[in-house]
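Undergrad: If you want the building blocks of each chain, they are given just below.
2 protein chains.
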Amino acid sequence: MKEFELIKRFFTDQVVKRKDVVLGIGDDCAVLHPTDNQSTVITTDTLIAGVHFPFNTPPRAIGHKAIAVNLSDIAAMGANPSWLSLALTLPEVNNHWLTEFCAGVFELCEYYNVELIGGDTTKGPLSITVTAQGVVPEGKYLSRSGAKVGDWLYVTGELGDAALALKCINGHVNLNKAQCEQVKVKLDYPSPRVLVGQTLRDYASSAIDLSDGLISDLNHICIASNVGANINLDTLPLSAIMQETVPRKDAIELALSGGDDYELLFTVSEYNKVGMETALTHTGTPFTCIGQMNTSKVISTTLDSKIVPITSSGYEHFATE
Amino acid sequence: MKEFELIKRFFTDQVVKRKDVVLGIGDDCAVLHPTDNQSTVITTDTLIAGVHFPFNTPPRAIGHKAIAVNLSDIAAMGANPSWLSLALTLPEVNNHWLTEFCAGVFELCEYYNVELIGGDTTKGPLSITVTAQGVVPEGKYLSRSGAKVGDWLYVTGELGDAALALKCINGHVNLNKAQCEQVKVKLDYPSPRVLVGQTLRDYASSAIDLSDGLISDLNHICIASNVGANINLDTLPLSAIMQETVPRKDAIELALSGGDDYELLFTVSEYNKVGMETALTHTGTPFTCIGQMNTSKVISTTLDSKIVPITSSGYEHFATE
Numbered sequence: 621m622k623e624f625e626l627i628k629r630f631f632t633d634q635v636v637k638r639k640d641v642v643l644g645i646g647d648d649c650a651v652l653h654p655t656d657n658q659s660t661v662i663t664t665d666t667l668i669a670g671v672h673f674p675f676n677t678p679p680r681a682i683g684h685k686a687i688a689v690n691l692s693d694i695a696a697m698g699a700n701p702s703w704l705s706l707a708l709t710l711p712e713v714n715n716h717w718l719t720e721f722c723a724g725v726f727e728l729c730e731y732y733n734v735e736l737i738g739g740d741t742t743k744g745p746l747s748i749t750v751t752a753q754g755v756v757p758e759g760k761y762l763s764r765s766g767a768k769v770g771d772w773l774y775v776t777g778e779l780g781d782a783a784l785a786l787k788c789i790n791g792h793v794n795l796n797k798a799q800c801e802q803v804k805v806k807l808d809y810p811s812p813r814v815l816v817g818q819t820l821r822d823y824a825s826s827a828i829d830l831s832d833g834l835i836s837d838l839n840h841i842c843i844a845s846n847v848g849a850n851i852n853l854d855t856l857p858l859s860a861i862m863q864e865t866v867p868r869k870d871a872i873e874l875a876l877s878g879g880d881d882y883e884l885l886f887t888v889s890e891y892n893k894v895g896m897e898t899a900l901t902h903t904g905t906p907f908t909c910i911g912q913m914n915t916s917k918v919i920s921t922t923l924d925s926k927i928v929p930i931t932s933s934g935y936e937h938f939a940t941e
Numbered sequence: 621m622k623e624f625e626l627i628k629r630f631f632t633d634q635v636v637k638r639k640d641v642v643l644g645i646g647d648d649c650a651v652l653h654p655t656d657n658q659s660t661v662i663t664t665d666t667l668i669a670g671v672h673f674p675f676n677t678p679p680r681a682i683g684h685k686a687i688a689v690n691l692s693d694i695a696a697m698g699a700n701p702s703w704l705s706l707a708l709t710l711p712e713v714n715n716h717w718l719t720e721f722c723a724g725v726f727e728l729c730e731y732y733n734v735e736l737i738g739g740d741t742t743k744g745p746l747s748i749t750v751t752a753q754g755v756v757p758e759g760k761y762l763s764r765s766g767a768k769v770g771d772w773l774y775v776t777g778e779l780g781d782a783a784l785a786l787k788c789i790n791g792h793v794n795l796n797k798a799q800c801e802q803v804k805v806k807l808d809y810p811s812p813r814v815l816v817g818q819t820l821r822d823y824a825s826s827a828i829d830l831s832d833g834l835i836s837d838l839n840h841i842c843i844a845s846n847v848g849a850n851i852n853l854d855t856l857p858l859s860a861i862m863q864e865t866v867p868r869k870d871a872i873e874l875a876l877s878g879g880d881d882y883e884l885l886f887t888v889s890e891y892n893k894v895g896m897e898t899a900l901t902h903t904g905t906p907f908t909c910i911g912q913m914n915t916s917k918v919i920s921t922t923l924d925s926k927i928v929p930i931t932s933s934g935y936e937h938f939a940t941e
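If you read the protein sequences in the order shown, they are chains A and B. With this note's numbering, letter number 38 in the first sequence gets 658, and the count goes up by one each step, no holes. With this note's numbering, letter number 48 in the second sequence gets 668, and the count goes up by one each step, no holes.
Just so you know, not all the hints are guaranteed correct.
One copy or any two copies: either way a pair holds, since identical chains are not told apart in the list.
[Claimed, not checked] The calculated DSS-like cross-link candidates involving lysine-lysine, where the alpha carbons are at most 25 Å apart (straight line), are:
#: 1; residue 1: Lys760; residue 2: Lys639
#: 2; residue 1: Lys917; residue 2: Lys628
#: 3; residue 1: Lys869; residue 2: Lys926
#: 4; residue 1: Lys628; residue 2: Lys639
#: 5; residue 1: Lys893; residue 2: Lys760
#: 6; residue 1: Lys787; residue 2: Lys743
#: 7; residue 1: Lys768; residue 2: Lys893
Simulated from the structure, these hints should not be mistaken for laboratory data.
Can you build the whole structure from these sequences, using the hints too?
TA: Laid out in structure tokens, this is it:
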């Protein structure tokens, strides 16, 4: 176990030192002192090699993704990310692997001013569990349950590229090498929409991050908010590569059911629509209105102004869940 | 993955509902609102089957231990445990296993009024990562770094029984069945010293929980506090079973270097000694003075008032670490 104790050294040399961390790595616990009148948000995600990322994923990408998927949850709450705990299980100690993994972790930590405050290193099959925390002014967090009938449905960025990258890796689509590399960046290095989330807390009625796929995650909003939704498939934001390389029907399928996009899906009232659009434009992150919430309690889709049935394989009617 | 989504149902039916949990399990994050003027302490521990517990450990014991080892860290900070996140990786979904595991988890949660606020369930080799948080009045937490020369060294409970149980399981000692079962309870169901930790925050100068063994963990206090320590081996608290079944030399060895005791090791000034002893007596938890801190910066031991060298296999001189 001595060797695994040494791993901790890789994690002590970090740039970020937050004032609200009273005691960082190295004692039985870290001690945090959040500002008064702030709530704390907390999320945990485990990534397992061969399940959540291919075995040959570069270690830098694994480090990036382990942090990004958690910051994406923080973003969906409208919170500012602040502290991370990292539980790392490794089959062996490999200095190159650890150096690259840490580079992926700390790049995001430094960008978002997030401090690693503790964790655990153990020997076993490769898996990473991150617990991330953020702070949000009291009562201002976003949840899945605030969507109202008539609210507009928005999404950031472009949909389906991570799923397209997986198809490319598995040889199920014909992309040239440059195109494949470009979509693989979306899969390996997702950008958590932190600034968008913080901006939305003054405007959105609900929000969720897209990890399982648009239909599946919209479903969570519909159930939690007790509403339905219609998606206008003509408006789904698709990347240039997606449009060039995949038939339209398949592209829509990937956008609806592909996972790992880590974009934000959110709803905004008619009253807040213009204010939100103005504020989000300043963040520089693209966003698209893709539909509207309704009373139906189910998800429907329209294409060329006609209702089309939902055929995404990942989709199951939420009334039966 | 659908089946693994269902696992979450096992964790939603909990008795504990804390007022400081604004939003519990079921959104992208949980939302917590700690009382003003309280600091938060946080710890993460991973348990892996075959490494941290034998493969045939009862699931109830695994659930208990996963929580107990984290609460033990919270106790060592003098904090009140409050919230848990649980990342559970399972090779398969087994209802009986999950029911028993949850019973082990929630027994401790209910006893200590700790709420499970989130987590993740994934498929893979059995491992459990728990992130536990607690609260402590601002500036009142205990750490490893406050021990002073002349402070008295104390430990709760009895030492070495968990290591004795492991030897018994592996057939390396001769205990009868009843004795073996009795020490196995110490290994499988450790009691986190939560009440002792909370009491100590008004008296102790430093504290740590015993997970790696007395010498190893005392070493952490010595390094962090820049002091040395002498342990009086005659005073080491040994259980009746240990004294009956193991030669004295071996018993001392187990007490010094055996892991998994989850007792608290702490230091108290001469000034606070009587106050601490009176307060701890009210908790009902046994405790023993086993030595004193000194200027040497190394750990020494005395037996029958004579200095004896440290021979514990787990021990390495801390100056070289």
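Undergrad: Of the hints given before, which are not true for this structure?
TA: Hint check: nothing fails, all pass.
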